[in-house]
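Residue numbers (the working numbering), protein chains in the order written: chain U, 560 to 870; chain A, 560 to 870.
Hints listed in this document are in silico derivations from the structure and should not be mistaken for laboratory results.
The structure displayed is predicted, hence computed values, not measured ones.
It cannot be assumed that every hint is accurate.
Pairs count within a copy or across copies, as identical chains cannot be separated in the list.
Distance condition first, Cα-Cα at most 35 Å in a straight line; then the derived DSBU-like pairs of lysine-lysine [unchecked claim]:
no., residue 1, residue 2
1, Lys-660, Lys-735
2, Lys-591, Lys-717
3, Lys-798, Lys-576
4, Lys-865, Lys-735
5, Lys-866, Lys-791
6, Lys-798, Lys-865
7, Lys-660, Lys-717
8, Lys-866, Lys-591
9, Lys-691, Lys-591
10, Lys-627, Lys-791
11, Lys-798, Lys-756
Protein chains: 2
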Amino acid sequence: MAPGLNNKEKKDGASSKETSIHLSNPHLNSMKEDILYHFDLGTGSHDLPAMFGDVKFVCVGGSPWRMKAFIQYIAGELGLGDPNADYTNICARTDRYSMYKVGPVLSVSHGMGIPSIAIMLHELIKLLYHAKCTNVTVLRIGTSGGIGLEPGTVVITKQSVDALFKPQFEQVILGKTVVRNTDLDEELMQQLLQCSKEIDEFQTVIGNTMCTTDFYEGQARLDGAFCSYTEKEKLSYLKDAYEAGVRNIEMESSVFAAMCKLSGIRAAVVCVTLLNRLEGDQISSSHDLLVNYQQRPQKLVGYFIKKQLQV
Amino acid sequence: MAPGLNNKEKKDGASSKETSIHLSNPHLNSMKEDILYHFDLGTGSHDLPAMFGDVKFVCVGGSPWRMKAFIQYIAGELGLGDPNADYTNICARTDRYSMYKVGPVLSVSHGMGIPSIAIMLHELIKLLYHAKCTNVTVLRIGTSGGIGLEPGTVVITKQSVDALFKPQFEQVILGKTVVRNTDLDEELMQQLLQCSKEIDEFQTVIGNTMCTTDFYEGQARLDGAFCSYTEKEKLSYLKDAYEAGVRNIEMESSVFAAMCKLSGIRAAVVCVTLLNRLEGDQISSSHDLLVNYQQRPQKLVGYFIKKQLQV
C-alpha cells in the first residue's frame, strides 16, 4: 500500500533523499493533542500515520464533487480501484471539506477563496506532518477565467500574482502585514507541460495566474450586484494583466503557493479556463462542455501521477 | 403563500413603505439573460419572481448542513412544514452552495471566508432583485471565537471591524483599494437582543465582531501550521481587540455588512462563540455541546422571524 520512492521520482525529483514536511510552529510540540477541527480528525482520535503515512500526492480543488470524481478517476488510472465505486469521504462527519484516498493519492476539496483554502491547508500540512509523510507533491486542480486564451485551455501557473500583478501574498498577522513569496516549483511545471504534450488532447500553457479576493468586482466583471466602472475600464485592466503575463484568474493560488513553499512542499497549480474574459463575463457554455473542460486538469494531473509512479 | 407587510413589521421596520433591492450596476439592464452561475439559476432558465417573489427573510450561514437544519426548524416554528421532512435543495445541480425555502424564509449556505460569502451575496442580491422582492431582512447565523465571553454566548454584531479594529471593509477593484462601510442596522440588533431576553435560555450580547481572512495566524492562534509569535504576543493582541470592543472573531461579517448596506438591505450578524480565545485556540468541546451551541443563533433568529410574522 505504501509505495516508497521509485527510480523515476528519484531521477526527476528535486532531491534523492527523503523530504519531510517543514512545520514552522514551535508551539505544536507542546500540545498533548492536535484537533484538526475542519476535517474532524485529530492526533488523539485517529492514527494519522496509519491512515495517511503513505500519501505522496495530494490533489486539491474547490468543488467536493470534483474531488470525489478525481479519486474515482485516479483509482481507475492507477489500477487501485473501481472508477465507479463509491469512495468513502474521510471527513464525512463534517460538511466543511471532503477528503478521499486511494493508495498514495489524497484528494481534498477546499471551497472557494483564499480564507477557505488557507484553513484547509493549515490542517492538511499538519496532517501530513503528524502522519510523517515524505516527498509529498500537492497539486491544485481548478477552474478559472482566461485572458486571451481559447476557452478550455489549461494554464499551469508560473507565478501567482495579486490584483496589482505583484507575485506575492499579503496577510495580516497580529495587525501587521506580512508579505509572502508565491513562487511555484519550476521543474514541476515543466514536467506537467511535458505530460500535456504527451496527452495531446487540449491546449496547455504556462502563464501567470492572478489570484483575487472577489469573483465579480475583484475580477473586473460587469455582471455583479455592483459595478462602478465601464466596459472600457474593465478591458483596459484585463489587458494590463495580460501585459503582465497573466493568462488566467482564480481565487486560491497565492495562499496555496505561499503555504506550500513555507512547508517545503513541491506544489503546482493547474486550472482550466472556462471562458475568455476579453470576450465576456458570464459562464454561459453548456453544462456538458463545462464538465468536459473541468476534466482536463484532472486528466493532466492523473497522467503526471501515473508517470511518476510508473504504474 | 406570499405574506405582505403585517402591522408588526410596519411598526418596527425602518419604513412603512415597500423597500426594494437597490442594485448599483447599470450594465445589468442591458443583459438579455443573467446566469447566477454558482447557484445554477438564471433569469433565462428560471421564473425567479414565481420562485422567490415572496421572500422576506434570508438566513445565511457557512455550513450547508446547518442551513438545511435551519429550514427544517423554521418550517416547524412557523407551522409551514414538517421539521423532519427532507426539504429540496434549490441549488442541487451545483455543490458550491445549498439553498432551501419555506414560505417567506430562504436559507442559503455561503462556505467559509469573505470571498466565498461575497460570491454568494452578489448572486443572492441579484436573485432578490430579479424576483422583485421587497422589505427583505438578511441574517447571518454563524459560529465564532469569543473574547472574554463564556463559550456558548451569542454575539449580535454592532460593528464589523478588520484585523486593525477599523469598522471598514477594503476591497481591490481594478487594482485600486475601495473602502466600504460595515455598519449594521441598529434597530434590528436591538430587536434581536429583545428576542433573546424573551427566550431567556442563553447569554446574548451586542459587541463588535472582528472579521479576519485567516483562521489560524489571522486570528492569533498558536496551533496553525505556522506561528511566528509568542503566547504573550497573542494575548496582547486579543486584549487590544477586547479593548476596541471586539467580543468575537469570524470570517464573513465585514463583506456581508458592506454588501447588504450597498443594496439597501436590512441586515444582522448573529454568531455563537464556540470557545473563549483568551483561554485557548483548539475547539475541543464535545460534539453534542457544539451542536447545542450552534442551535442558539438559529433559535434566536427563528424566534425573531416568528415574531415579525406574528404567527
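Outcome of the hint check:
For a Cα distance limit of 35 Å, the shortest separation of Lys-660 from Lys-735 qualifies neither inside one copy, at 38 Å, nor across copies, at 42 Å. Taking identical chains as interchangeable, the C-alpha atoms of Lys-591 and Lys-717 are never at most 35 Å apart, the minima being 40 Å within one chain and 37 Å between chains. Proximity of Lys-798 and Lys-576 under a CA criterion of 35 Å is satisfied in neither setting, with 44 Å inside one chain copy and 46 Å between copies. With identical chains, the CA atoms of Lys-865 and Lys-735 are never at most 35 Å apart, being 43 Å at best within one copy and 44 Å at best between copies.
When the C-alpha separation of Lys-866 and Lys-791 is checked against a cutoff of 35 Å, the pair qualifies neither within a copy, at 46 Å, nor between copies, at 49 Å. With identical chains, the CA atoms of Lys-798 and Lys-865 are never at most 35 Å apart, being 38 Å at best within one copy and 52 Å at best between copies. Taking identical chains as interchangeable, the C-alpha atoms of Lys-660 and Lys-717 lie at most 35 Å apart only when both belong to the same chain, with a minimum of 28 Å there against 44 Å between chains. Taking the shortest Cα distances, Lys-866 and Lys-591 never come within 35 Å of each other, neither inside one copy (40 Å) nor across copies (47 Å).
Within a single copy, Lys-691 and Lys-591 get their C-alpha atoms as close as 17 Å, which meets the 35 Å cut-off; across copies the closest is 55 Å, which misses it. Neither within a single protomer nor between protomers do Lys-627 and Lys-791 lie at most 35 Å apart by alpha-carbon distance, with minima of 41 Å and 42 Å respectively. In the homo-oligomer, the alpha carbons of Lys-798 and Lys-756 lie at most 35 Å apart inside one protomer (28 Å), although the nearest pairing across protomers, at 56 Å, exceeds that limit.
The structure fails hints 1, 2, 3, 4, 5, 6, 8 and 10 (numbered hints given earlier, in ascending order).
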